[in-house]
Amino acid sequence: MIKFNSGIRKTDVINRRMFIIGAAKVVIFFGIVARLFSFQINENKKYLTLSDKNRIREWKLPPTRGNIVDYFGNIIAGNLKVYQLHIIPEQVENFNYLLVRLKNLLNLSDKRIARINKLRLELKPWDSIIVSENLSWSQFVKINNYLYDLVGVKPVMTISRNYPFNDVYTHVLGYVSQPNEQEILENETIQERFVPGMKIGKLGLEKRLENHLIGTNAIQRYEVNAYGKRINQLEHQKGKQGSKIRLTVDTEIQKACGELLNEKAGSISVMDIYTGDIIAMYSSPSYNPNLFLFGISQDEWQLIRNNPLKPLINKTLSGLYSPGSTIKPIVALSALENKVIDTKFKVKCTGKMELYGQTFHCWKEKGHGWVSLKNAMKQSCDTYFYEVARLLGVDRLKITAEKFGLGKKVLGDYFDNEKKGLFPNTKWKKNNLGKGWVLGETLITGIGQGYTQTTPLQLCMMTAQIANGGFAVKPKIIVDSNPISYEDAKQSMESGLLFDTDSAELLDKKLFKNQRNIKIVQEAMFASTNERFGTSYKSRIDDPKYQFAGKTGTAQVKRISKRERELDLELEQIPYKDRDHALYVAYGPYINPRYALSIIVEHGGSGSKAAAPIAKKLFKLIIDRHDLRNKQSNFERITV
Amino acid sequence: MFQHDRLSSEITLFQKIKNLDYILLISITLLSVLSVFVMYSTDGGEILFHTKNHFVKLAVFFPLMIFVAFFNIKFWHNFSYIIYFIVILLLIYVSFFGIKSSGSKRWMDLYLFVLQPSELMKIAIIMCLAKYFHRIKIENVNSFTSITIVLSIIIIPIIFVISQPDLGTSILIAVSGLIILWLGGMKIKYFIYSFITFLISLPFIISFLKPYQKLRILTFLDPDRDPLGAGYQIIQSKIAIGSGGLNGKGFLKGTQSYLDFLPEKHTDFIFTLFSEEFGFIGSVGLLILYSIIIFRIIRIGAISRSNFARLFCFGYAFAIFIYIVVNLSMVLGLLPIVGSPLPIMSYGGSSMLATMIGFGIVLSAKINHKQMIA
Numbered sequence: 001m002i003k004f005n006s007g008i009r010k011t012d013v014i015n016r017r018m019f020i021i022g023a024a025k026v027v028i029f030f031g032i033v034a035r036l037f038s039f040q041i042n043e044n045k046k047y048l049t050l051s052d053k054n055r056i057r058e059w060k061l062p063p064t065r066g067n068i069v070d071y072f073g074n075i076i077a078g079n080l081k082v083y084q085l086h087i088i089p090e091q092v093e094n095f096n097y098l099l100v101r102l103k104n105l106l107n108l109s110d111k112r113i114a115r116i117n118k119l120r121l122e123l124k125p126w127d128s129i130i131v132s133e134n135l136s137w138s139q140f141v142k143i144n145n146y147l148y149d150l151v152g153v154k155p156v157m158t159i160s161r162n163y164p165f166n167d168v169y170t171h172v173l174g175y176v177s178q179p180n181e182q183e184i185l186e187n188e189t190i191q192e193r194f195v196p197g198m199k200i201g202k203l204g205l206e207k208r209l210e211n212h213l214i215g216t217n218a219i220q221r222y223e224v225n226a227y228g229k230r231i232n233q234l235e236h237q238k239g240k241q242g243s244k245i246r247l248t249v250d251t252e253i254q255k256a257c258g259e260l261l262n263e264k265a266g267s268i269s270v271m272d273i274y275t276g277d278i279i280a281m282y283s284s285p286s287y288n289p290n291l292f293l294f295g296i297s298q299d300e301w302q303l304i305r306n307n308p309l310k311p312l313i314n315k316t317l318s319g320l321y322s323p324g325s326t327i328k329p330i331v332a333l334s335a336l337e338n339k340v341i342d343t344k345f346k347v348k349c350t351g352k353m354e355l356y357g358q359t360f361h362c363w364k365e366k367g368h369g370w371v372s373l374k375n376a377m378k379q380s381c382d383t384y385f386y387e388v389a390r391l392l393g394v395d396r397l398k399i400t401a402e403k404f405g406l407g408k409k410v411l412g413d414y415f416d417n418e419k420k421g422l423f424p425n426t427k428w429k430k431n432n433l434g435k436g437w438v439l440g441e442t443l444i445t446g447i448g449q450g451y452t453q454t455t456p457l458q459l460c461m462m463t464a465q466i467a468n469g470g471f472a473v474k475p476k477i478i479v480d481s482n483p484i485s486y487e488d489a490k491q492s493m494e495s496g497l498l499f500d501t502d503s504a505e506l507l508d509k510k511l512f513k514n515q516r517n518i519k520i521v522q523e524a525m526f527a528s529t530n531e532r533f534g535t536s537y538k539s540r541i542d543d544p545k546y547q548f549a550g551k552t553g554t555a556q557v558k559r560i561s562k563r564e565r566e567l568d569l570e571l572e573q574i575p576y577k578d579r580d581h582a583l584y585v586a587y588g589p590y591i592n593p594r595y596a597l598s599i600i601v602e603h604g605g606s607g608s609k610a611a612a613p614i615a616k617k618l619f620k621l622i623i624d625r626h627d628l629r630n631k632q633s634n635f636e637r638i639t640v
Numbered sequence: 001m002f003q004h005d006r007l008s009s010e011i012t013l014f015q016k017i018k019n020l021d022y023i024l025l026i027s028i029t030l031l032s033v034l035s036v037f038v039m040y041s042t043d044g045g046e047i048l049f050h051t052k053n054h055f056v057k058l059a060v061f062f063p064l065m066i067f068v069a070f071f072n073i074k075f076w077h078n079f080s081y082i083i084y085f086i087v088i089l090l091l092i093y094v095s096f097f098g099i100k101s102s103g104s105k106r107w108m109d110l111y112l113f114v115l116q117p118s119e120l121m122k123i124a125i126i127m128c129l130a131k132y133f134h135r136i137k138i139e140n141v142n143s144f145t146s147i148t149i150v151l152s153i154i155i156i157p158i159i160f161v162i163s164q165p166d167l168g169t170s171i172l173i174a175v176s177g178l179i180i181l182w183l184g185g186m187k188i189k190y191f192i193y194s195f196i197t198f199l200i201s202l203p204f205i206i207s208f209l210k211p212y213q214k215l216r217i218l219t220f221l222d223p224d225r226d227p228l229g230a231g232y233q234i235i236q237s238k239i240a241i242g243s244g245g246l247n248g249k250g251f252l253k254g255t256q257s258y259l260d261f262l263p264e265k266h267t268d269f270i271f272t273l274f275s276e277e278f279g280f281i282g283s284v285g286l287l288i289l290y291s292i293i294i295f296r297i298i299r300i301g302a303i304s305r306s307n308f309a310r311l312f313c314f315g316y317a318f319a320i321f322i323y324i325v326v327n328l329s330m331v332l333g334l335l336p337i338v339g340s341p342l343p344i345m346s347y348g349g350s351s352m353l354a355t356m357i358g359f360g361i362v363l364s365a366k367i368n369h370k371q372m373i374a
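Protein sequence lines, in the order shown, are assigned to chains A and B.
With my numbering, letter number 395 in the first sequence gets 395, and the count goes up by one each step, no holes.
With my numbering, letter number 337 in the second sequence gets 337, and the count goes up by one each step, no holes.
Honestly, the hints are just simulated from the structure, not real lab data.
Errors might be hidden in some of the hints.
Stated by the list, open to error - The list that follows gives simulated cross-link-like pairs (lysine-lysine, DSS-like), each with its CA atoms no further than 25 Å apart:
| id | chain 1 | residue 1 | chain 2 | residue 2 |
| --- | --- | --- | --- | --- |
| 1 | A | Lys45 | B | Lys238 |
| 2 | B | Lys238 | A | Lys53 |
| 3 | B | Lys253 | A | Lys45 |
On a predicted model such as this, the values are computed, not experimentally measured, just so you know.
The following block holds chain B by itself, in its conformation from the complex:
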């Protein structure tokens, strides 16, 4: 065991490069290239603000991913708690000194770009919980102390994020955390009980929701009740997707986006534009690309020797999956509108940063999949 350990840590740069998961890397590259083209289309077929910025961010964060990958997975294991605390500190900072925009305080100005710490928390919480379940004995998983600790780990950041307010991100953080609890071996009955409790308390939760959040739920249930107001986004989004048809309207020919009928087409509704221009075939193609990425991440998790790497990969794969599902369900009218970007495709630096760091750690797990962590 010791030998193994030593072997892995003495891996050379060449071997590191050789050990990268190229299928995953190619898929991510494809997705990145595609995202630039789609961004170009949202700018109306010109290289404008969004295209430029998106490209610059990719150009910075893609190498960052490789950079992250070259650190030993053990390093990420060791720093998981610290990273989690740093992000908590950032969230606290934001809640006091953050930049306010359209009613919520989510961002901090880093001069070069504006950071949204809650996006980083999506990764940090997976790292933190993965490390916790890696270290804890399986017998102790369902002990009272353990449950208290893990729930605190999840609830603390959520309190900050929800008070920003940012319901979408806090749900995604919660789901990311809960999936690790599930994978870590928490009793199934707890999940069932809490799910039932959740359902029962749903009416009370709704009564605590802000009016605009209630409106979103009402709109989700019946988008036509206010077609030019709250229901506008979802109706236009459905029209765009539906009118795409089998082959789509063609690149740069999506009338719904080109003529500004689509709201938030750069960010949360980017899939709508993609689907309008590339149709059913393109959309399924994109889903397949995402599926490959998810599958490769799961596979890396499966071959990892350490449970930290395994838990992280499985958790992260699920997180990516949830981001995609929530985003697509939203634009397809299957879920109420909650702000949730589509990984890599959507415009947004923090989201991309977090996603790329996540991929980086996954690649690190691949490079060091034989690494054991005590």
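Just chain A, same shape as in the assembly:
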């Protein structure tokens, strides 16, 4: 019985204590429910966001660059579909076998194979390795034929920059290539849109207009697992192609320039004398920018780099040349404007001029006899211009030269590599060389030798401004938002005003004091090309439709010694590096002029033999394309 009671008592204890913990259980369960509630109901949004952040990852794809078109809308820098070959390591059954197969099929180098093996170790097994960035069509077909045998290989189609005219526009457009670290850091837009495999402009307009051309990334959203492997694609957001940019250039003329300068070093620039449109700007030799797209090979790079004609230099903008006799129109104009000479002023040329015991030679040993301005210009008499320069003085000459664009950048900041050139005066010499100006230097400045350094484009603009009657033009290579028609430009100019497209105002851009002086110079240049004994008479075109006026120039690269002068060597007998540069500036048609050009053939010998004939061939084409161009002027307005 005692035991029974004890049992009862024990049962009571157990029950009582069970009740206590039972109550505790309820409380604890509610605590857990409260915690669940706070996570799943109160903070649900926060955790949903975190969960999405976990599982969704974005992949940026390289943006598609905007096209660059010429004045007629032909694509000169476009985009091309390219075929690439990727390996996805995790899908490969036998990696070594695959590499051997690919090596045979694509002729891969051992270095490339080693690189692929290295990448394989570095990357995650589901990250693709790019075996070949640009498969040729035949390679692509070959790969597709053997695809059954190449497990884990994926042919991929992607978009790459393409320059359809190869080397024609290299110096204008530049090229694109993989950016280096510094280039990414320097440009915020590139930094923001950079993805591996993306290419950026390295040179020229491709570089300058990077932010317009670059385009926006396409974005792909993928669901990824905890290890970063893509599970499935959620969304594809298309990127926007970069802005299309229309240039003022004419591919036909640009191409012709390339052909005319074939295998020569030099430059041709063509400009609309009213609108300032650059119609062609070719530096020779050029090189193929498409080579740089997928990494240029060492051999090809060395070939370009070591070419003695220096294809890497943009001679139109960075080539500095003595203008030689092509400066004479400016010297004449300056003298006329300053009333130092008039049309009747004559100088007797004996083939040389003595000054303080120094002899200054005319190119014609026998001399020209008594020459007036027109004859002096026509025959490019040096003695006449020595005398005119002496009377004028270099300081006054510089003022005129600067007005016409010498010593200043023509295209402003569009090209990093554009040079300012130099037109000296007494002050310049004192400041920079620390020596006083010598009168003899004035003389040689008067024939475009000495300190004067000009770029071919400067000479072209100078000529354009003489041709249009002495008005300032604003050279441009990009068609801007308010393209001004040729007629409007001409009209506003002839009224003595220039329509400035930047400020949309008419500005007084007269470069002359008396327009008659311009006319005199124009007539002299006309004579030089179209009258007997003119230096470029042989290159004339008689048809008034194409008739042009010009001025030859021959720039010495080396002081001619007395012995050499006596020998009077033929061009071929002089070492290439010592030969004179041949120059020619011209504008046409003479009646109602429209276009100006400058031609430089490095070490080409005399301007009349090497440069002027090129102008003859070119002018026909330029004039023939004028109407087409005129029709095109309202073709399309593209904002930059």
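Position chain B against the provided structure of chain A, taking the given hints into account.
Showing chain B alone in chain A's frame:
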């Protein structure tokens, strides 16, 4: 009394089946079915290794539970000490010849499956102590000898388990044992004193902890201190649960688990996956299901005539409760991460075996609730 005794022992098979607690049985069945579906989800919506094995284990252990239930509760009372000693022997065996995996030696290979004796100890200790308190006179409960004996019963297996090392299981064994001491009538002041002593000695205990255990505690206090390392599990677990929301992301649509962000999703973190896919409603539903099971076990204890059955049921109900609370608190970031499975839901044979045996004994107590044990 004798009659009663005889009556109960002469119960027929039909009566046994009739006397089963069907609410408990249905709840367990529901939980089992649910666990297979959840396991199917952890396999990414395919019937793979875990789903298959889990199903096979259920198919074996569920009948085993019924089998256990058909033994008279008196039988389990009689064998309680022996079972306890057998499990102690298994623990000793494991500490010498056990299989080592990820730094701890907890398992023995039984060819058909790998047994973790420490899981069985969770049941054995309840049986052993229930029998002890059933037999001892209430007056002697707080005697020195009695206290020494019961503490030894608790401490001996814990020494083996903690040296495996397995902190989680040893805590659960200790808690299971202590609850019987509480129910058996041990003085409340002892609990209070030992709790205070525990708090005071806590810093010393911590200094004896292994570095990884200290790290777990630090991580518990601030999961963000190393979000990709030690804190990763708990952060991802919280994200999964929190992103489940009210209704959950839907069956097989839990991105956190599907995309492998959840660690140990088959075992200790199974609730995380469940909660992500079924949301607050599902989670509360699961808790209700567990509550029904616990409540039914307590009720069986309450109607039992013998104190052994009563103590076992109450103790086991509390043990189940503690397993759930420790597991959920862990995945909800309320407790440091200690390995503790969620009964039935988690993948793991030994845990399920022990749980099913426990349910079996409870059902046996129900069938024989009128049984008196001398």
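So, going through the hints one by one against the coordinates:
1. Distance hint between Lys45 (chain A) and Lys238 (chain B) is fulfilled; the C-alpha atoms sit about 13 Å from each other, no more than 25 Å.
2. Restraint check for Lys238 (chain B) and Lys53 (chain A): satisfied, since their Cα atoms lie roughly 14 Å apart, inside the 25 Å limit.
3. Between Lys253 (chain B) and Lys45 (chain A) the CA atoms are separated by roughly 17 Å; this keeps the pair inside 25 Å, and the hint holds.
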